[in-house]
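> Here is how the chains run, residue by residue.
There are 2 protein chains.
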Amino acid sequence: MSPGALLAQRARDIEPFHVMVLLARAKALEAAGRDIVHLEIGEPDFATPQPVCDAGAKALARGAVFYTAALGLPQLRAAIAAFYQTRYGVTVDPARVVVTTGSSGALLLAIAALVNAGDQVLMADPGYPANRHFVRLLEGEAVGIPVGPDSHYQLTPELVEHHWGSRTKAVLVATPSNPTGTLIAHAQLQAMAAFTKARGGALIVDEIYHGLVYDGDTHTAANAGDNVFVINSFSKYFNMTGWRLGWMIAPEAYVPQLDKLAQNIFLSPPTVSQLAALAAFEPETLAICERRREAFRSRRDYLVPALRELGFGIPQMPQGAFYVYADCSRLTDDSYAFALDVLERAGVAITPGVDFGAHLAREHVRFAYTRPVARLQEGVNRLANYLG
Amino acid sequence: MSPGALLAQRARDIEPFHVMVLLARAKALEAAGRDIVHLEIGEPDFATPQPVCDAGAKALARGAVFYTAALGLPQLRAAIAAFYQTRYGVTVDPARVVVTTGSSGALLLAIAALVNAGDQVLMADPGYPANRHFVRLLEGEAVGIPVGPDSHYQLTPELVEHHWGSRTKAVLVATPSNPTGTLIAHAQLQAMAAFTKARGGALIVDEIYHGLVYDGDTHTAANAGDNVFVINSFSKYFNMTGWRLGWMIAPEAYVPQLDKLAQNIFLSPPTVSQLAALAAFEPETLAICERRREAFRSRRDYLVPALRELGFGIPQMPQGAFYVYADCSRLTDDSYAFALDVLERAGVAITPGVDFGAHLAREHVRFAYTRPVARLQEGVNRLANYLG
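Chains as they are written, first to last, in the working numbering: chain H, 9 to 396; chain Z, 9 to 396.
Because the hints were derived from the structure by calculation, they are not lab data. Owing to the predicted nature of the structure, the values given are computational and were not obtained by experimental measurement. Virtual Cβ for every residue (Gly too), placed ideally from N, Cα, C. Fair warning: there could be bad hints in the mix.
[To be verified] Reference listing, derived: stretches of chain Z covered by chain H, where coverage requires no fewer than 3 residues with Cβ under 8 Å from a Cβ of chain H:
1) 30-43
2) 74-84
[Unchecked claim] Residues of chain Z placed beyond 12 Å of chain H at every Cβ, according to the derived structure:
3) P157
4) F237
5) G250
6) V280
7) R338
8) A354
9) E371
10) Y394
With the rest of the complex left out, here is chain H:
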C-alpha cells in the first residue's frame, strides 16, 4: 500500500492554512535567535479575563467534570440569551441557544443540519477558509463569490440573488469579516434573510467578531427570520480561544435536530469551559473586554494609516475584528512569495491572501493587529526598511 493511499477525496481537496508554513519558518527563525514580529495570528494576545479563569478554577475545585447536556448547561444557555437582551435589546429564548465546541462546532452543526451532498453554499471570496472546507467536509459545494471594496468586501442581496441557483441551499456571511474586518449593514442582512427564505434556503451569519467593532452600532441577525442561524464564539471578544467554546442561535424548529446531531458528533461541549464562561457576562469581565476593545481600536487607528503610507492599498477603514486586508499589488505581483520574503528578510510574519480564497489572492495580504502598538510600530519600521 503506498503511503496515504487510503485518503478520501475530501482530504485531498481541503487545503491547509498556508500560513502554517510561514509559522513553522517563523518558529525556526526564532529558535535560531531572530526576533519575529507576529502580524499573522488570528488570536487575541490578551489572556483570558481573570474572572473567567477564577470561575474555571472554582469549578475544578468542586471536581465534578462530567458531561453536560449536548445543547450545553441550561444556566449558560440562559446567560447567553440574557446577553442578547442587554447587548442588543433583542429577546432570544434560551431554548434557541445551542452551546458548541468553539464556533467551529457551531459551523459544523449548522452545515450538517442544512446542506445535502451536492448542495451549494454561497460565501464571500475572500473569506475565512474553514467555511468552505466545512462545506467540502460534508460533501456540499462552497461557491466563492468575488467581492471587493465596492461592496465592502461583503456579499449583498444583489450578489446573492445573482448567484443563487437550483442547487443553492444556503448563504454564509461573516460580519465583521475575517480577513477584511468589514461589516454588513443590518438592512442588507434582513434583505438576504428575506431573499433566502423566499427561495427556500438558509442564511448562516457568523458574528464571532461581534463586540470587536469600532465604528457605529452593531445589530445581531438572531431575530432576522426562521431560516437564519447565527454563529458566535467566546474566543475573540472574550479572549477565550483555548477554551473551545462557542454558540449558535438557531430557529426554534431546528433545535431538536441540532440536539440530536450534537449528541452524536460532540456528546457535549467542554464542561470546565462552560462553567468558566458563566463569568464572561459579569460586569467585571465585560469591563475588561471593553477596555481591550479600545486597545484594538488604537492599534487599528495606528496601523491602517501606517500601512497606507508604505504603499499598501486599504480603500476602506475596516470597522471591526482585528484584521487589515491590504492590497500589495503596488509592492509585489505574488503576495505569497512576498510574505515569505518579508518574513525572511524583515522578520515580520503576515498572512498571504491565498489563505482566504482565489479572488485577487496574489494581490493581497492580511495583517492581524493582535500585538501591542509598540510591536506594530516595530513591524512597520521593519517593513519600511525592507521596502525602502
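Assemble the complex: chain H is given as a structure, and chain Z must be docked to it using the hints.
Just chain Z now, kept in the frame of chain H:
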C-alpha cells in the same frame, strides 16, 4: 416555510439516542420526588482524579489559555506515546499521536480522512450508535453486521471477509465493546488488519474502554499495520468525560492530512484539558484509576449473576467496559416498552437495545454498572419485585 423545512437528509437519517427519552422521563420522576436507580448512564460515577484537577487549576492560575497546535501539545503527545511503552510495551512515535476533542473528534477525523461519499464502513450490530452516525454524517454508508454470542458479539476476520464488497473502505471495531463489554483477541485484530490492508482498506480500532478490562491481558492495535487507526479517550479509564479529550494513533503517512483536517474542523483541542491530562499518566493518578478498575470489577461480578438470576440472558461474562448487554426475551417481547415500564413502575433506568442497532434490538437491554454496588443491589431488588 414549514418548520424544519431546511433540514438536510442526514439530519433526518441520524437517530437520537433513544435513551434520552428515558432520561428526560427519569428527571421528571425525580423532580416529582421519586428515587431512580440509574443503570443507563455510559459515564463513570467517579469524579476526575484529583491530580488531574490540580494540574488543570494550576494551568488556569497561569492564565494563558490560548490555542495549541491542531495535533495537540507536543508534551502531551509525547506523554501519550510513552504510555504505550509502559502500558503495552509497544513503541509509538509521538509524531503519530493526534490529540482530539474527545474520542468523538478522533472518530470524525478518521472517517473524514478515509471515507468517500458512498463508501461502506463495516461495523458490528449491536455497537455504539454514534459510529454509524459519523459515517452517515460524512455521506458514507455504515453496514451493521449482526453479531451474537458465537463471536463474542464482535466482528471476526471471517465476517469481515464475507461482508467485504466493492464499495467497502473500512472496518470499525471496538474492543472492549459498548454495549457488550466483550473483547477481540489480538490475533483476530491482526488478521483483520492484514485482510483490510490486502483489500486496500482501513481498520479503525476503538480502544476507548482500554484500561477497564477485568480478565486477561490487553494488547493495543497501535502497531498492527500502516492501515490501522487506533482511537482512545481520557473519558472512561481516566474519568475525564467532561474535559472532552481523546486521541488517535495514526499511521505516520496520514498525520499531515489529519493535521490539516483538524486545523479546519477543530483549530485545536481544549487547552486546559490538555494541560490537565499531562497529570493523567502520573503514578498517583494511575493508582487511583487502578483502584477504580477494581471497583468496576466488583460491580460486574455482583451484577451479572444477579441479572441472570432474574431471567436475563447473559451467555458470556463481559470482560471489559462497564456494560452488560442482556437478552430480555424471556421477560418481554419489546425491550423499549420494557425499559419505559421498568422506569415507570420500578424506578430503574436502563437503555433499550434499539440504541445500539437493529439486530435483535427488541430482545436486549443494556445495564451500565456506573453506580456503587449498593445501588446496583437496590436496582436488582426493584427489578425482582417488578418481575416477581
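> Once the closest CB in chain H is found, is it more than 12 Å from Z:V280?
Z:V280 not clear of chain H: closest Cβ-Cβ about 6 Å, inside 12 Å.
> Far enough from chain H: is every CB of that chain over 12 Å from the CB of Z:F237?
violated, 9 Å
> Hey, does Z:R338 actually stay past 12 Å from chain H on C-beta?
Answer for Z:R338: holds, closest chain H Cβ roughly 32 Å.
> If we take the beta carbon of Z:E371, is the closest beta carbon in chain H still more than 12 Å away?
holds, 24 Å
> Has the segment 30-43 of chain Z got at least three residues whose CB is nearer than 8 Å to a CB belonging to chain H?
violated (count 0)
> Per the stated criterion, does the least C-beta distance between Z:P157 and chain H lie above 12 Å, as a non-interface residue requires?
holds, 28 Å
> Run the C-beta distances from Z:G250 to all of chain H and say if the shortest one exceeds 12 Å.
Violated, since 3 Å does not exceed 12 Å.
> Determine whether the non-interface label on Z:Y394 survives the test: each CB of chain H must be over 12 Å from its CB.
Holds, because the least Cβ-Cβ distance between Z:Y394 and chain H comes to about 28 Å, which exceeds 12 Å.
> Verify that the Cβ of Z:A354 lies farther than 12 Å from every Cβ atom of chain H, and report whether the claim holds or is violated.
holds, 25 Å
> Three or more residues of the segment 74-84 of chain Z near chain H by CB distance under 8 Å?
Coverage by chain H holds here, the residue count being 3 at a Cβ distance below 8 Å.
Violated hints, listed in ascending order, are 1, 4, 5, 6; each of the other numbered hints is respected by the structure.
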